[in-house]
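> These protein sequence lines are chains F, C and U, in that order.
Under my numbering, the first residue of the first sequence is numbered 1, with each subsequent residue one higher.
Under my numbering, the first residue of the second sequence is numbered 350, with each subsequent residue one higher.
Under my numbering, the first residue of the third sequence is numbered 713, with each subsequent residue one higher.
Source of the hints: derived by calculation from the structure; they are not laboratory data.
Every residue, glycine too, gets a C-beta built ideally from N, C-alpha and C.
What the simulated footprint calls covered on chain F by chain U, stretch by stretch (three residues with Cβ under 8 Å from a Cβ of chain U suffice, anywhere in the stretch; the number is not a length):
(1) 232-242
(2) 246-256
(3) 289-296
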Amino acid sequence: MSEAMILPGAYFAQSSRRAGWLYTVLVVLVLVALVLNLGHGSLDIGWSELVRLLLDGPNDDPRSLVVWNIRLPRALAALWGGACLAVSGLLLQVYFRNPIVGPFILGISSGASLMVALVMLTTLSLGLAALSPYLVTLAAFAGSVGALLLVVGIARRMRQGVVLLIIGLMIGYLTSAVTSLLVAFAEAERLKGFTLWSLGSFSGYRWQELQMVMLLGGSLLVGVYGLSKPLNAFLLGEDYAQSMGVNVRTFRVLIIFFSCALAALVTATAGPVAFIGLAVPHMARLSLGTADNRLLLPAAALTGGVITVLCDLVARSLFAPVETPLSAVTSFLGAPVVILLMLKRKAAL
Amino acid sequence: MKQSIRLAGVGLALCLALVALASGPALAAAPGFQAIGEFSLRGLEGGRYEITDGLGRVLHLVPRGMEPPPGVPRHEIIPIPVKRVVMTGGRDVSMLLALDSIAVLVGVDGKTADWKIGQVRDGLKDGRIVNVGRSHSLDYELLAALKPDVLFTWDEAQIPFLADLGVPVVINYGTEARTLDTQINFVRFLAPFVGKEQMAEAYVARVKAALDRVAQRAKNAPSRPKVIWGDVWEKRVMVEPGQSWAAQLVDLAGGDYLFKDVRGSSCLEISLERFYSTAKQADVMFTYRSPESGMASKVELARTNPALGDTKPLASGRVFFPLPEYNQSGHRMDEVIEEIAAILQPQLFPERKITLFHALPEK
Amino acid sequence: MMNPDASQANLLAFHQLAVGYDSRAVLSGLTQTVAAGQFVALLGPNGAGKTTLLRTLAGLLPPLAGEVSLGGRALAGLTPAEIARTLAVVLTERHAPAMLSALDLVYLGRTPHTGFLGRIGPQDRERAAWALELVGAGDLARRPMDQLSDGERQKVMLARALAQEPRVILLDEPTLHLDVKHRLEVMTILRRLCRQQGIAVVASLHDVDLALRLADVVGLVGRGGISAWGAPEKELTAASLAALYGLEQARFSPHLGVMELTAEPGREPVFVVCGGGSGAGLLRALAKQGFALKTGVLHEHDLDCLVAQSLGAQMVTQAPFQPLAEEAFRLACRAMAGCLAVVDSGFPLGDENRGNLNLLRQAAATGLPVLSLRSPEELARMLGDDAAAWRCCLDSTQVLDQMLQLGTASSLG
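Chain F extracted, bound-state conformation (with noise of 0.2 Å):
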């Protein structure tokens, strides 16, 4: 018997094995970050009290309320969050097959500045006033939605993705062209308050917003799992793609519409928050040794959860009870995460 009727399924059963390992893994992460950041604030919360207030259930207590309706949302924020700009990431970097490509390279954190800067930089908002408090939030989902639009449409007409990675690229660079106008016009007082939703945080979620963004990304992360067939022959580029079978058109519109809904959820909700989704997919990627989006999806997003709930208890940690911004630390335990495995990698060789 040849040697290659013993080995089909020897390798992918090899990842399969270390994927499973890694999943375990990271679920323990996710609940050991999870209850880190429950129990870790500006308030001092015993472990025990913790317990009980989490028995307890929401009650008028101030600690209660601070648990369950200011740490835990945020917490569970960050982790959605995380879970849906890795996967956005990854998407994007299958799509265009580079590897330097994050969830905004298509101007949708563009797009949601340029309307939060509308309403929060000019007397516009005054007019608004009703939409309170979901007014940001609802500039951020229109401008964002408003980019995914925009690229979604050139993405039916395009035929090469390099084509759309650079129109995302231009529509990024007119939109921030019109945001920077808008700061250089807007008022001292007023320009704070844009400055501190472009640094971006997962900080002051209310419940039925929280719901809506687990909702709707939990949808969206199940989608694209539905793409991940499709998606691993995107690893050889669109003609091979097409030439096995994949309606290369339908499916780049699918990639696009996926990712930069991923996206838009986050930003609108959180403001831009750097790095997760250019990193993590590295990270995911290289401790489980495949390309296979099969596996990869589920790491990338549980990796993304775990790496944003821990940055965001860094940042509101590190400096307590001052903020630190949440994309500075990200970037800061990112970038050099990704040089590492690079290097390691590269070793490897």
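Following the hints, position chains C and U against chain F.
What follows is chains C and U alone, placed relative to chain F:
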């Protein structure tokens, strides 16, 4: 942003400020060398001065007609008394009023509507004062045409180009924002430029007297209201750090500033959890969010960040915001002190009219 | 599914096809058919449109006019998945995805056969193993793609195409950048696929000799269309290739299956007496150095004759299997006169060419330098005392050295 820089204090905690104030005359009495926060001033023979600005750059103030020190480039020599000054930042411009020298002003940042000081508004209207643009993007052509003796601004990036134009630049903000002590004594740094040293001493004495008076009366307060000073935005919150002069004034004027432990160089973001648990106890809140910047009422503020809706200032306490005049009230420092005291202890200061702050309406 | 009854002879067909990008036709008016088990090689200069044609046939590019049919059905009416189950491609792009083993890559070829999530079942495993085995890459299965050599990678890409279980495989320059070993391996595999699996293979090639040797049909692609389509033995002529590639400096020899560079004579003429293949290398070496070649007397269709012809030598020939004719001998003597030297390739002596020995004797007698690749012993045996006038050379390098010396001497004289 400018305002937060102006209001922030990094240097000394409250007790240090008090010590410094108490020893104020001693500092002024040393004619050779004076340190004012990160700024300094050294008097030399013949009425010359050697100063260091907020960046620590050495500049020479040379009386008109006197030979400048050899080997010093032109843009580091300022002829005194100065006749043509361009200045950015409302608080420092208003300090010129305290020195009765607003007439030397030939350029400011911002348009007429931005200014509350009558002389500046008039000057801008009839062209004696020129709007040189925004402080982070000055109009160099206008500046060159104005040929000022000196430009006061915070942006060090402007120095090289202005040096080429032969305009001396004094950076009027240090790497850390001014403390209460620095803010009060800054007038002594400005005085030699316009030759009004006596007036500076009078101003310092007046402000110090007001501080003493207020502190004395506040001692008798039956209780000290708990105070927070910060901005509520959608989902996020910012506060004045504990060592900022605003916080120091609050404590001096009979209040208890609750974010004393928050350290930083300007208004900065803290965790919602901390803000919530602290605001729960606060009686009074100061905020820069005003009807002008899109926050018309307490209800609206509470709606912006519902997690904070049940905190005391928003639910049942008092919320105040500074009027635009506040930013240009350097010459009225004594009044600022008294007004904050009157807000915190109305029964102790019944005669004081509040002119620089407004209470945020309920709805 | 494809119609199983679709005529085997019309597995892949195109009718009045125009191909190109952005409504600018590169090729037009194309009509041909490819049968099952047929190996079609597309030849043509770079930029002639071979890749465009292949992409159009694969359905990756919509035709500008006309129609492609696969298994008797119009390509335009088939879904990408339907096409993928009948037709596979191997493109020039050699992007090797990181973190993917050769076997993973071959599994990707199962895409048109697997379910919604692409789960690999026992049948898929079997197919992938079969495909790897068929291309002789079974031992590469575990290796990461980005660590394979170009040739190994190409074999795996071929296995991936096979895993699709196609009836047609289209390949764009499958031998590009491959070393000799892998080039031959890949071509052998392709021919085996045609013969044993009945798969139709259409490949664009840049090696004319490979096409000549392996293809059932060659299509000459150039000048906006397909200028010839048929058996390579018939279609590949010096003239057709010269026209196709716009050759001026080279000439194709259909009999030899090689391209020879036409000599650019810059030096004196030299007369080479050879035959039976003994002179081929010598002739090329002299041509490379720029000597004007004259040769004779050669039998037509003799290997040396074909080489000399493709090198553009002046030749004296005569019919095959005939002894040297008087007329030819006289012509050769005239051609020899004025040559820098006469070279004896050491050709095997037989009844038909014994006259050539006389030709050499004649040359020596008229005082021309005679260089011989025979050993001194053999010369002594053949010529007796006359051998002294001949100069013995060990190989063609020595002949060249002697020639260059003679050339310098004559130009000085």
